[in-house]
Amino acid sequence: MSTPGSVRSGDAARYTPTSGTVGAGGAPATPPISRKRTRIFRWEGIIPLFVGLAFLVCAWLVFGDRVLRGTIAEAGTKALGTQLDIAGLALHPLSSSIELRGIAVADPFDRTRNLFEVRGLRVQLEAEPLLQKKLVVKSIAITDVTTGTKRATPATAVTGPGFAPAMLTAMQRFAQQFNVPLLSLTPLDTLKSLVLDPTSLKSVQTALAVAHQVDSTKQALETGYAALRLQQTIDSSRAVVARLQGTNVRTLGIDGARRAIADVRAASARVDSARRRVDALLTTARTGVDALQAGVGAIDAARRDDYAFARGLLKLPSFEGPDLGSAIFGHVTIEKFQQAVYWTELARQYAPPGLLPRESPGPKRLRRAGTTIHFAAARAYPRFWLQRADVNVAVTSGALAGTYAIAARDVTTDPAIVQRPTLFAMRRVATGTSVDSLRVLGSLDHTTPRIRETITANAAGVALPTIAIPGLPYRMDGGRGTSELRLALDGEQISGRWSLRSAHVTWKADSVKRALNTMESLVARVLTGVNQLDFTADITGTLANPRLAVHSNLDRQLSDRLRAVAGEEVAKAEARVRAQVDKIVDEKSAPVKVRVAELRADAEKRVADARTRLDEEKRKLDDRLKALTSGAITLPKLPGA
Amino acid sequence: MLTLLKLLRSLIKTLHSDGSPGQIAAGVALGAALGLTPIMNAHNLIVFMLLTVLNVSFAAGMFAWAVFVPVGFLLDPVFDRVGHALLVATPALRPLWTTWDNVPGLALTNFNNTVVLGSVVVWLLLFVPLYVATAYGVVRYRATLGERVRQSRFYKALHASQLYNVYAWFRP
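Here the protein sequences come in this chain order: A and B.
The opening position of the first sequence corresponds to residue 1 in this note's numbering, with each subsequent residue numbered one higher.
The opening position of the second sequence corresponds to residue 1 in this note's numbering, with each subsequent residue numbered one higher.
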């Protein structure tokens with residue numbers, strides 16, 4: 001066997017260091033090297049190469065599944081933003097299929113639970129796209145699914161710069177955008193007068209800001225008025241008029257008269273210029289004063305917020321139905337929409353429209369991962385494409401136990417290549433203990449730049465969620481009823497509705513009991529007397545500015561009852577609060593309003609005076625010119641003068 | 001320390017082997033790819049095969065691998081930039097990468113990764129300079145220091161060691 005860089009056995013080595021022994025005449029003692037051409041290939045090297053390759057194949061056979069399982073779990077966790085566990089994996093290269101066992105996807109919103117667990121998943125792939133590192137799924141088979149299972153150990157939070165963790169944070173921000181009112185049930189006998197700190201009131205803050213603006217505007221007007229150089233202009237004009245007093249063409253001569261006319265015209269131009277400056281100052285003054293007037297208006301607008309703020313300090317219960325509905329169901333509703341929006345946004349990220357190159361973080365390795373760029377071509381396989389899947393899934397345990405028929409078509413990362421929207425549907429095909437019927441339909445249309453997603457889920461005879469009533473030691477068990485969720489995203493526009501209906505509502509007291517005040521007792525009595533639920537939550541607006549409206553029979557009944565019992569007391573407390581706010585705000589805002597009015601009057605008056613004086617000077621100059629030229633020449637008039 | 005000693009021994013053995021300067025230089029230039037570029041990639045399999053079947057110094061290749069691994073780590077930010085410039089910032093090359101990424105087999109090269117492409121391109125650019133510099137260095141070494149090292153105790157000890165015997169077993 002030979003090693004690289006060596007010479008063949010039997011040949012003389014070419015590198016022979018000088019040993020000091022030289023032949024006669026300085027010639028080397030060693031025999032002359034035959035100039036044999038060095039061969040390029042070392043065919044013997046193929047043997048160790050094959051041995052090495054065989055070793056690699058053996059290593060792959062032993063450890064390949066484990067490596068692949070780790071890679072898939074890691075990539076899946078990064079992509080979904082929640083922990084993905086895979087208990088086992090078997091690769092079948094000859095049939096280009098892969099078999100996964102014991103898959104568990106943790107709930108990104110509750111790390112102690114699994115969203116679902118799958119006992120077995122077999123995926124049959126197209127062979128050719130694999131050579132392009134693309135996954136085209138021919139068929140898929142799923143066995144034994146369980147949902148909502150408790151995890152033995154809580155899932156690890158997915159952090160880092162990946163999309164999914166960022167998306168999760170964005171969804172938490174999405175949820176925080178909603179202003180869910182508190183269900184405040186302060187006892188009526190504690191509604192006392194309130195000591196308000198004036199500086200905490202928005203209208204007072206606004207009034208102080210406007211007062212500061214008045215000073216600035218006044219200063220700016222003074223500067224502008226000084227910049228008019230009004231007196232200099234008038235003095236100059238008067239000097240010209242005085243100089244030409246009693247003169248005429250005869251006394252001045254032709255040249256003198258021409259110079260006099262030129263002087264009058266120059267003085268008139270200065271007056272006109274000053275007049276224009278006055279007009280400009282008037283415009284500036286009006287703009288400034290209008291802004292101050294708007295500030296005064298903002299004081300009154302802020303007062304409404306201050307009423308609400310002061311009312312909030314008193315913790316007065318709101319009797320408005322929407323407020324009560326939002327207070328009771330707000331959080332559970334937002335959670336529901338938040339989850340739907342999360343998965344939709346995730347789909348947007350992984351299946352964006354268009355064929356532009358997409359960047360993603362490179363594979364994890366000791367070296368820098370770099371960025372991997374995916375170049376999509378119109379006539380190529382998408383990076384991932386589940387052409388069609390029709391599977392029957394048996395959910396063996398959990399609240400949704402039963403058999404489901406799931407169909408999906410054109411689930412892909414490159415909708416611009418597939419040119420068809422992703423469609424999916426799920427239907428319950430066997431009745432179970434907790435759901436009579438369930439139907440989910442959805443489409444994700446990312447084939448054009450205007451992306452649209454719609455999801456509709458209908459469940460009948462389903463165990464409705466148990467909702468804890470905020471501020472009260474009671475939980476509402478919705479019993480079995482119907483639930484419907486519709487969500488449509490059109491670009492940034494969001495519109496959705498979630499409704500629950502049940503005729504079997506029951507109320508359960510918390511295990512930790514506490515004494516209820518009069519208001520709480522009243523609300524508890526009203527609520528626990530209701531055994532039907534008709535609830536609807538609507539979400540509208542944009543993803544960046546969503547609006548939530550909640551209506552239910554509970555809040556209507558609660559509102560009526562609260563109004564009847566405590567409306568008068570609360571109205572009195574509210575009136576006291578308003579009066580207190582008005583007193584403080586009026587004290588602070590009245591002088592500001594007076595100053596703004598004064599500033600407006602002063603500015604108007606000074607401008608009018610300046611105009612009058614300039615017009616008078618213009619008239620005198622005109623008279624002098626007429627006298628000088630016997631009325632042959634007059635000065636042009638400024639528009640509006 | 002042991003690694004350093006091994007490297008030193010490998011270097012001396014390579015320099016004193018019967019390989020020509022050109023064979024050693026080619027081995028170093030090829031082996032540099034294994035160190036400069038992320039190892040688990042298809043092009044490195046080809047480089048390894050070339051090191052094995054071409055009549056170049058395999059030991060020099062292994063030595064270069066070891067030497068260039070830390071260099072690769074250090075130059076990763078440069079590779080990332082080079083790769084980004086080629087893949088993203090040069091629209092004229094986009095059709096090439098699009099074709100490359102969608103041709104069966106070629107897509108497995110991972111050349112759509114900035115670090116992989118950048119390091120391969122830098123290695124290719126360095127190939128000839130590395131070859132020339134190494135060949136020149138070997139010639140100079142053999143003409144100046146070679147015999148002195150050969151006469152040193154360290155070399156003799158190395159030559160006499162059992163490991164050397166194992167090495168010699170694979171020698172031509």
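Derived from the structure by calculation, the hints contain no laboratory data.
Note that the structure is predicted; figures quoted are calculated from it, not measured.
Be a bit skeptical, because a hint or two may be false.
[Said to hold, decoys possible] Here are a few chain A residues that face chain B, going by a calculated C-beta distance under 8 Å: (1) R42; (2) V51; (3) A54; (4) F55; (5) V57; (6) C58; (7) H92; (8) L94; (9) S97; (10) R101; (11) K364; (12) H374; (13) R563.
Note that beta-carbon positions come from the ideal geometry of N, C-alpha and C, so glycine has one too.
Structure-based check of each hint:
Using the Cβ-Cβ criterion of 8 Å, the hint placing A:R42 at the interface with chain B is satisfied: the shortest such distance is roughly 5 Å. Interface restraint check for A:V51: the shortest CB-CB distance to chain B comes to about 10 Å, outside 8 Å, so the restraint is violated. About 14 Å separates the beta-carbon of A:A54 from the nearest beta-carbon of chain B, more than 8 Å, and the hint is not met. Because the beta carbon of A:F55 sits about 13 Å from the nearest beta carbon in chain B, more than 8 Å, this interface hint is broken.
For A:V57, the suggested interface contact is broken, since its CB lies about 13 Å from the closest CB of chain B, more than 8 Å. A least Cβ separation of about 16 Å between A:C58 and chain B goes past the 8 Å threshold, and the interface hint is therefore violated. For A:H92, the interface hint is violated, the least distance from its beta-carbon to any beta-carbon of chain B being 20 Å, above 8 Å. Of the supplied interface hints, the one on A:L94 is violated, with its beta-carbon coming no nearer than about 18 Å to a beta-carbon of chain B, more than 8 Å.
With 8 Å as the threshold, the beta carbon of A:S97 stays out of range of chain B, its nearest partner Cβ sitting at about 19 Å, so the hint is violated. Hint on A:R101 is violated. Least Cβ distance to chain B is approximately 26 Å, over the 8 Å limit. Look at A:K364: its Cβ only gets to about 11 Å from chain B, farther than 8 Å, so that hint breaks. The interface hint given for A:H374 holds, since its Cβ lies 7 Å from the closest Cβ of chain B, which is under the 8 Å cut-off.
The criterion of a C-beta within 8 Å of any C-beta in chain B is not met by A:R563, whose closest approach is roughly 64 Å, and the hint is violated.
Figure legend: structure checked against the earlier numbered hints; hints not met, in rising order: 2, 3, 4, 5, 6, 7, 8, 9, 10, 11, 13.
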